Amino acid sequence: MQQPMVEFKNVIKEYDDVQILKGIDIALEKGKFYTLLGPSGCGKTTILRIIAGFTNASAGNVLFEGQKINDLPANKRQVNTVFQDYALFPHLNVFENVAFGLNLRKVKKAVIQAKVIEALKLVRLAGYENREISELSGGQQQRVAIARALANEPKVLLLDEPLSALDMKLRKDMQYELRDLQQRLGITFLFVTHDQEEALAMSDEIFVMNEGRVLQSGSPVDIYDEPINHFVADFIGESNILPGKMVADYQVEMVGKQFECADAGMKPNEAVEVVLRPEDLDIVAVDQGQLVVTVDTQLFRGDYYEITAYDADQNRWLIHSTNPTQDGQQVGLFFEPEDVHIMRFGESEEDFDARLESYEEED
Amino acid sequence: MRKKQWLYYLPYILWIILFVLAPVALIVYQSFFDINGQATLANYATYFQSGTYLKMTLNSLWYAFLITLITLLFSYPTAYWLHQTKHKQLWLLLIILPTWINLLLKAYAFIGIFSQDGAINHFLGWFGIGPQQILFTNFSFLVVATYIEIPFMILPIFNSLEELNPSLVNASRDLGASNWQTFTKVILPLTMAGVKAGIQAIFIPSLSLFMLTRLIGGNRVITLGTAIEEHFLTTMNWGMGSTIGVVLIVAMGLIMLMTGEQKAKKKVTNK
Amino acid sequence: MKKVKWQNVWLVGIFILLYAPIFYLIFYSFSSGDNMNGFRSFTWANYQALFVDKRMIEIVLQTLLIAILSSLCATIVGTFGALGIYETKHRRVRNMVLALNNILMVSPDVIIGASFLIFFTFLGLGLGFGSVLLSHIAFSIPIVVLMILPKLNEMRPALVDAARDLGATDWQVLSKVILPYISSGIFAGFFMAFTYSLDDFAVTFFVTGNGFETLSVEIYSRARQGISLEINALSALMFVFSLILVAGYYLLNQRNQAQKARRKRKAGA
Chain U
410 MQQPMVEFKN VIKEYDDVQI LKGIDIALEK GKFYTLLGPS GCGKTTILRI IAGFTNASAG
470 NVLFEGQKIN DLPANKRQVN TVFQDYALFP HLNVFENVAF GLNLRKVKKA VIQAKVIEAL
530 KLVRLAGYEN REISELSGGQ QQRVAIARAL ANEPKVLLLD EPLSALDMKL RKDMQYELRD
590 LQQRLGITFL FVTHDQEEAL AMSDEIFVMN EGRVLQSGSP VDIYDEPINH FVADFIGESN
650 ILPGKMVADY QVEMVGKQFE CADAGMKPNE AVEVVLRPED LDIVAVDQGQ LVVTVDTQLF
710 RGDYYEITAY DADQNRWLIH STNPTQDGQQ VGLFFEPEDV HIMRFGESEE DFDARLESYE
770 EED
Chain H
632 MRKKQWLYYL PYILWIILFV LAPVALIVYQ SFFDINGQAT LANYATYFQS GTYLKMTLNS
692 LWYAFLITLI TLLFSYPTAY WLHQTKHKQL WLLLIILPTW INLLLKAYAF IGIFSQDGAI
752 NHFLGWFGIG PQQILFTNFS FLVVATYIEI PFMILPIFNS LEELNPSLVN ASRDLGASNW
812 QTFTKVILPL TMAGVKAGIQ AIFIPSLSLF MLTRLIGGNR VITLGTAIEE HFLTTMNWGM
872 GSTIGVVLIV AMGLIMLMTG EQKAKKKVTN K
Chain Z
1484 MKKVKWQNVW LVGIFILLYA PIFYLIFYSF SSGDNMNGFR SFTWANYQAL FVDKRMIEIV
1544 LQTLLIAILS SLCATIVGTF GALGIYETKH RRVRNMVLAL NNILMVSPDV IIGASFLIFF
1604 TFLGLGLGFG SVLLSHIAFS IPIVVLMILP KLNEMRPALV DAARDLGATD WQVLSKVILP
1664 YISSGIFAGF FMAFTYSLDD FAVTFFVTGN GFETLSVEIY SRARQGISLE INALSALMFV
1724 FSLILVAGYY LLNQRNQAQK ARRKRKAGA
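Chains as they are written, first to last, in the working numbering: chain U, 410 to 772; chain H, 632 to 902; chain Z, 1484 to 1752.
Don't read these hints as lab results, they were simulated from the structure.
Model, not experiment: these values are computed from the prediction.
Every residue, glycine too, gets a C-beta built ideally from N, C-alpha and C.
Among the hints, a few may not be true.
[As the list claims (entries may be wrong)] Taking lysine-lysine and the BS3-like style, the derived pairs with C-alpha atoms no more than 27 Å apart in a straight line are:
| id | chain 1 | residue 1 | chain 2 | residue 2 |
| --- | --- | --- | --- | --- |
| 1 | U | Lys441 | U | Lys418 |
| 2 | U | Lys441 | U | Lys431 |
| 3 | U | Lys441 | U | Lys666 |
| 4 | U | Lys524 | U | Lys439 |
| 5 | Z | Lys1572 | Z | Lys1634 |
| 6 | U | Lys564 | U | Lys485 |
| 7 | U | Lys441 | U | Lys530 |
| 8 | U | Lys477 | U | Lys441 |
| 9 | Z | Lys1488 | H | Lys816 |
| 10 | Z | Lys1537 | U | Lys485 |
| 11 | U | Lys564 | U | Lys439 |
| 12 | Z | Lys1488 | H | Lys719 |
| 13 | Z | Lys1634 | H | Lys737 |
| 14 | U | Lys564 | U | Lys515 |
| 15 | U | Lys524 | U | Lys564 |
| 16 | Z | Lys1537 | H | Lys719 |
| 17 | Z | Lys1488 | H | Lys717 |
| 18 | H | Lys827 | Z | Lys1537 |
| 19 | U | Lys485 | U | Lys524 |
| 20 | H | Lys737 | H | Lys719 |
| 21 | U | Lys431 | Z | Lys1537 |
| 22 | U | Lys530 | U | Lys477 |
| 23 | U | Lys418 | U | Lys477 |
[To be verified] Distance ranges between label pairs, derived from CB positions:
| id | chain 1 | residue 1 | chain 2 | residue 2 | range |
| --- | --- | --- | --- | --- | --- |
| 24 | H | Leu652 | Z | Leu1544 | 31 to 37 Å |
| 25 | Z | Leu1548 | U | Val516 | 54 to 60 Å |
| 26 | Z | Leu1544 | H | Leu672 | 43 to 49 Å |
| 27 | Z | Ile1727 | H | Gln812 | 43 to 49 Å |
| 28 | U | Ser573 | Z | Ile1727 | 56 to 62 Å |
| 29 | Z | Asn1578 | U | Phe754 | 56 to 62 Å |
| 30 | Z | Leu1606 | H | Lys686 | 32 to 38 Å |
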């Protein structure tokens, strides 16, 4: 395996006896776009600050290209950060901000000039060199912050919720741009966000975090399709999560009925949770449905209808449908076995992967 | 890295030790010595036993109270209405401007205004009630002290009015309060911090205004400050002067406690 | 609506009261009499007398020298003091230092003067230029700290992180980010220290001894002897000086704010 750029080995961070990070093991490879995703207070920004060197790990090792950097001061690290509120220096103009790091390293004036212009071009702000920071819009400030970090030619770029202050439209545009930028530069990006859409859209790999732990890591598709527990399923996308029981391999019981599913390798009659994504549920005629529900409310979301319905046992079902139905109408719900995802209680990521391998080999 | 930084702070730390802690300690220390340099408690005994010192202290407190009260009565409405004007920052600047003028010069002006043939007596003359002895009276002392202190009261009250969220006033009106009710139930309670800051900024210096008592009060009013100056610079009884100083420091501490912890706000303090 | 607004009457009244004594002084500085009772005839004589009064000119220069030196020193010490307080993460230590800082702010001048007098005598320091300068530095430091601290507190910690992130050493963080950011606070502190020094009477009066005088002390001793219209002329000049000082400061601030506002508008457009 390729030497990781950044590696955490059982990193623990404590503030006043409270553990913010409870043993983090992650590895970031060269040239990939990573995202730390989790609710606020889950420790994702702390990981970023440890990599940047603004704070030190209480225990464990932080490696950069294989070298331990636990105690290396921030100004000696080959990583740069794009801050949440940009942290642009208000007393310097755009050029001076971008040139800040280069000036500190006593790079030749002509080289600085060239690099700043190049960095600004990269973020599509060519010609803005002499603007004051306060003259720029939020989106432009964002780009300057990125240019400033890139001008230092970091091996890893850390982005701390950089899009959270932007409005919806701009945020979407910036998602494309960041992804594009990362692919052109070929350096490692580590992006921190609490916005699952952002994470799914941009990342090569996502680390889902909660309460100081990485719960699951993997590609956006893996995480969306195969959440390992209730928290991940609930945090990433919308889902119907119902209690169930594994009757046998590939056979699950929920809402009093048995359904075929794609999971196996559990104990007989083990209590599990069943996840069904709302967009995987199709509305069909009552006699064709595996389930019959009564439509309660529906909201038009632009590209789909969000329908809330209740079955005979008063379980709530969330359905995304391109076509509207009528409130109070009885409809059938249809889903394929591979749409039914089973989660075991308390299963770790390793156990999950091991189980998946075990029965996929059998097939 | 940390060690080097200490060097930068060293002058400041030295300043705290030499010019904040040491002088206070010294003044307490000095208060236990009599005029011949003998350690004694006699200064405190004299202070508490001879009626003169206690009476002087009460007198000083009384005048400081009067000055503060009169200043407050003038300042609150001024700050309140000033706050409602257009260009309020400019008007506020005009209120502050006189504080940049040397205190002595303002006192000096009143020597002329209040003198036997001065402007006030001319004015009174038109009504046939002059000339009166105005300079060197308790009255003149009160007027000049109030005059000098007014801006220092207006400023903190004005600032607290600035901090008041205008929506609160609208909310109060919206809920059916009259102007007067809004004032007494919303505005006044929320600007008490400014009033307290103003009281602090005025009461304590009023206890120690010695040059006003000399120039304007004609030594009729003796404040704690006058007594300290007298003992230090005229009779050279530093022990007794320090004793009164300790009393003044204690009084200051009490007032600070009563008016609550004052935050270090952007305000021109009374010097 | 032709109603007289009582609040405006009140405000005008207060302004008249505040400014009347000052203009009274200035008015009589042009009078040829020898007191402030009735204007005789217009003259520049009082000003001429002032400008040939060698002692007075010397005192003015001394006062300015003390003000400049003391405010410079106080600004340097106070700036680092404020940085020290800002860097102190331990909340109780920080509050204690702040409380100590504010002692001289709330202490009556008489106490400051008397305690400094004991202090200098205790050290065996002679009274004069040195003791006055040290005292002025001492009582100006806390105001400098108080003018700078809010600026430091409003500075987002991310700025310091960003500078470090981009490779700045401790010294570079200070000189290239923090000091430029708080420069307006430092300037305000210097200005306040300067005016404190110019205005001070009581502290100087205690620690000046014989042979060295500042303007305030001189005015006090002359005022005790009675009216001299030369003082009126001096006060007129000082009034103009304060006016220029304050106006200059105000305009500088105003210009900065206007610039900021203009930029904001542009950015919003």
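A quick look at each hint next to the structure:
1. Pair hint Lys441 of chain U plus Lys418 of chain U holds up; C-alpha atoms about 19 Å apart against a cutoff of 27 Å.
2. A C-alpha spacing of about 25 Å is found between Lys441 of chain U and Lys431 of chain U, which places the hinted pair at or below 27 Å, so the restraint holds.
3. For the hint pairing Lys441 of chain U with Lys666 of chain U, the CA-to-CA distance comes to about 44 Å; that exceeds 27 Å, so the pair is violated.
4. A C-alpha spacing of about 23 Å is found between Lys524 of chain U and Lys439 of chain U, which places the hinted pair at or below 27 Å, so the restraint holds.
5. Distance check on the hinted pair: Lys1572 of chain Z and Lys1634 of chain Z sit about 17 Å apart at the alpha-carbon level, within 27 Å; holds.
6. Annotation: proposed proximity of Lys564 of chain U to Lys485 of chain U holds, straight-line Cα distance about 13 Å (limit 27 Å).
7. Restraint check: the Cα-Cα separation between Lys441 of chain U and Lys530 of chain U comes to about 22 Å, which is no more than 27 Å; the hinted pair holds.
8. Among the hinted pairs, Lys477 of chain U with Lys441 of chain U is consistent with the structure: their alpha-carbon atoms are about 21 Å apart, no more than 27 Å.
9. Under the criterion of a C-alpha separation no larger than 27 Å, the hint pairing Lys1488 of chain Z with Lys816 of chain H is consistent with the structure, at around 24 Å.
10. Proposed proximity of Lys1537 of chain Z and Lys485 of chain U is contradicted: the alpha carbons are some 62 Å apart, above 27 Å.
11. Taken as a hint, the Lys564 of chain U and Lys439 of chain U pair is honoured in the structure, with Cα atoms around 8 Å apart against an allowance of 27 Å.
12. Note on Lys1488 of chain Z and Lys719 of chain H: the hinted pairing holds, with a Cα-Cα distance of about 17 Å set against a maximum of 27 Å.
13. About 34 Å separates the Cα atoms of Lys1634 of chain Z and Lys737 of chain H, which puts this hinted pair outside 27 Å; it is violated.
14. Between the alpha carbons of Lys564 of chain U and Lys515 of chain U the distance comes to roughly 20 Å, so the proposed pair stays at or under 27 Å and holds.
15. Restraint check for Lys524 of chain U and Lys564 of chain U: the C-alpha separation of about 16 Å stays at or below 27 Å, so the hint holds.
16. With a C-alpha separation of about 43 Å, the suggested pair Lys1537 of chain Z and Lys719 of chain H falls outside the 27 Å cut-off, and the hint is violated.
17. Proximity of Lys1488 of chain Z to Lys717 of chain H is assessed by CA-CA distance (about 14 Å); at most 27 Å being required, the pair is judged to hold.
18. With a CA separation close to 46 Å, the supplied pair Lys827 of chain H and Lys1537 of chain Z exceeds the 27 Å bound.
19. At roughly 20 Å between alpha-carbon atoms, Lys485 of chain U and Lys524 of chain U fall within 27 Å of each other, so this suggested pair holds.
20. Only pairs whose Cα atoms come within 27 Å are accepted, and Lys737 of chain H paired with Lys719 of chain H is accepted, the gap being roughly 25 Å.
21. Proximity of Lys431 of chain U to Lys1537 of chain Z is assessed by CA-CA distance (about 78 Å); at most 27 Å being required, the pair is judged violated.
22. A hinted pair counts as satisfied when its Cα atoms are at most 27 Å apart, and Lys530 of chain U with Lys477 of chain U does not qualify at roughly 35 Å.
23. Distance restraint check for Lys418 of chain U and Lys477 of chain U: the Cα-Cα separation of roughly 10 Å lies within the 27 Å cut-off, and the hinted pair is therefore satisfied.
24. The hinted window of 31 to 37 Å between Leu652 of chain H and Leu1544 of chain Z holds, with their beta carbons roughly 34 Å apart.
25. Leu1548 of chain Z and Val516 of chain U have their C-beta atoms about 45 Å apart, which leaves the hinted 54 to 60 Å range violated.
26. Under the hint 43 to 49 Å, the C-beta atoms of Leu1544 of chain Z and Leu672 of chain H, about 47 Å apart, fit the expected range.
27. Distance hint for Ile1727 of chain Z and Gln812 of chain H: a CB-CB separation of about 46 Å, consistent with the stated range 43 to 49 Å.
28. Remark: the range hint 56 to 62 Å for Ser573 of chain U to Ile1727 of chain Z is contradicted by a beta-carbon distance near 48 Å.
29. With their beta carbons about 49 Å apart, Asn1578 of chain Z and Phe754 of chain U fall outside the hinted range of 56 to 62 Å.
30. Distance hint check for Leu1606 of chain Z and Lys686 of chain H: the Cβ-Cβ separation is about 36 Å, which falls inside the suggested range of 32 to 38 Å.
Checked against the numbered hints given earlier, the structure breaks hints 3, 10, 13, 16, 18, 21, 22, 25, 28 and 29 and satisfies all the rest.
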